[in-house]
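Trainee: Just need the whole structure built from these sequences, with the hints factored in.
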Amino acid sequence: MTSPAGLQTTIYDTAALERVLDAMAVALVPQLHGAAGVTLVGVRRRGAPLSDGLLARLQALLPGADIARLDLLIKRYADDLTLLHPETRLTEQPEHADIDLTGRTVVVVDDVLYQGFSLNKAVQYLLAKGGRQILTAVLVDRVCATLPIHADVTGLKLQVAPSHIVECHVPPFEPVFQIVLVQPEAA
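Numbering (this note's numbering), first residue to last: 2 to 188.
Treat the hints with care, as some may be off.
Stated by the list, open to error - Here are the computed distance ranges between Cβ atoms for each label pair:
| hint | residue 1 | residue 2 | range |
| --- | --- | --- | --- |
| 1 | Leu8 | Val177 | 14 to 20 Å |
| 2 | Gln125 | Val27 | 26 to 32 Å |
| 3 | Ala24 | Pro172 | 18 to 24 Å |
| 4 | Asp101 | Ala66 | 15 to 21 Å |
What the hints assert, rightly or not - With a straight-line cut-off of 20 Å between C-alpha atoms, the simulated SDA-like cross-links for lysine to any residue are:
| hint | residue 1 | residue 2 |
| --- | --- | --- |
| 5 | Lys130 | Leu102 |
| 6 | Lys130 | Ala17 |
| 7 | Lys158 | Leu22 |
| 8 | Lys158 | Lys130 |
| 9 | Lys158 | Leu182 |
| 10 | Lys158 | Gln179 |
| 11 | Lys158 | Asp14 |
| 12 | Lys130 | Arg45 |
| 13 | Lys130 | Asp72 |
| 14 | Lys158 | Ala17 |
| 15 | Lys158 | Val21 |
| 16 | Lys158 | Thr15 |
| 17 | Lys158 | Gly38 |
| 18 | Lys158 | Glu19 |
| 19 | Lys130 | Gly38 |
Calculated from the structure, these hints are not laboratory results.
Every value quoted in this text rests on a predicted model; they were computed, and no experiment measured them.
Note that beta-carbon positions come from the ideal geometry of N, C-alpha and C, so glycine has one too.
Mentor: Structure follows, in structure tokens:
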């Protein structure tokens, strides 16, 4: 991740974030209890390894549960919040074209809920694939979504200035699992 120039402060380290993921998994358990099947869907990029982390925890908490994994490529903004596309794009991978989620509880996992465009696009897509129930889980909710969407499970709620950037550093994309707050330099 290439950070913009400015003051960078690590606000959560690896140990703290591992505890956050533990708590997120525990919070998901009652919502998944009795589900005929569960599919964890990581929003690429960083939602994918976070989804893997939740999968490992949920398998330990719900032994024998039918839990599947897949990832979606959804993009609107670059890591530095530069607008890449005027509308959020979901690129359907060929292996997902015939996926059937009928009767399954689907959990969409992303790193940051900012304005809600990525989660909204994911929910629309997964409903069209037959998901019985769609839940959302985010590591960080910036509490400023512009769309009527929320996270069912939130690791952290961070209310920061609109100009500040919340960077989730998630291996394998970054070497250290941490959250960094970037206060960009004044232009």
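Trainee: If a hint holds in the structure, say so; if it does not, say that too.
Mentor: Hint check:
1. Leu8 x Val177: 14 to 20 Å: 18 Å, holds
2. Gln125 x Val27: 26 to 32 Å: Given a distance of about 29 Å, which is inside 26 to 32 Å, the answer is holds.
3. Ala24 x Pro172: 18 to 24 Å: 20 Å, holds
4. Asp101 x Ala66: 15 to 21 Å: 19 Å, holds
5. Lys130 x Leu102: 6 Å, holds
6. Lys130 x Ala17: Outside the cut-off at roughly 35 Å; violated.
7. Lys158 x Leu22: 14 Å, holds
8. Lys158 x Lys130: 30 Å, violated
9. Lys158 x Leu182: Within the cut-off at roughly 13 Å; holds.
10. Lys158 x Gln179: 15 Å, holds
11. Lys158 x Asp14: 16 Å, holds
12. Lys130 x Arg45: 18 Å, holds
13. Lys130 x Asp72: Between Lys130 and Asp72 the Cα gap is close to 14 Å, so the pair holds against 20 Å.
14. Lys158 x Ala17: OK: Lys158 and Ala17 at ~14 Å, within 20 Å.
15. Lys158 x Val21: Judged against 20 Å, a Cα distance of about 11 Å means the pair holds.
16. Lys158 x Thr15: Status holds; Cα separation ~17 Å.
17. Lys158 x Gly38: 29 Å, violated
18. Lys158 x Glu19: Judged against 20 Å, a Cα distance of about 16 Å means the pair holds.
19. Lys130 x Gly38: Within the cut-off at roughly 14 Å; holds.
In this structure, the hints that do not hold are numbers 6, 8, 17, in rising order.
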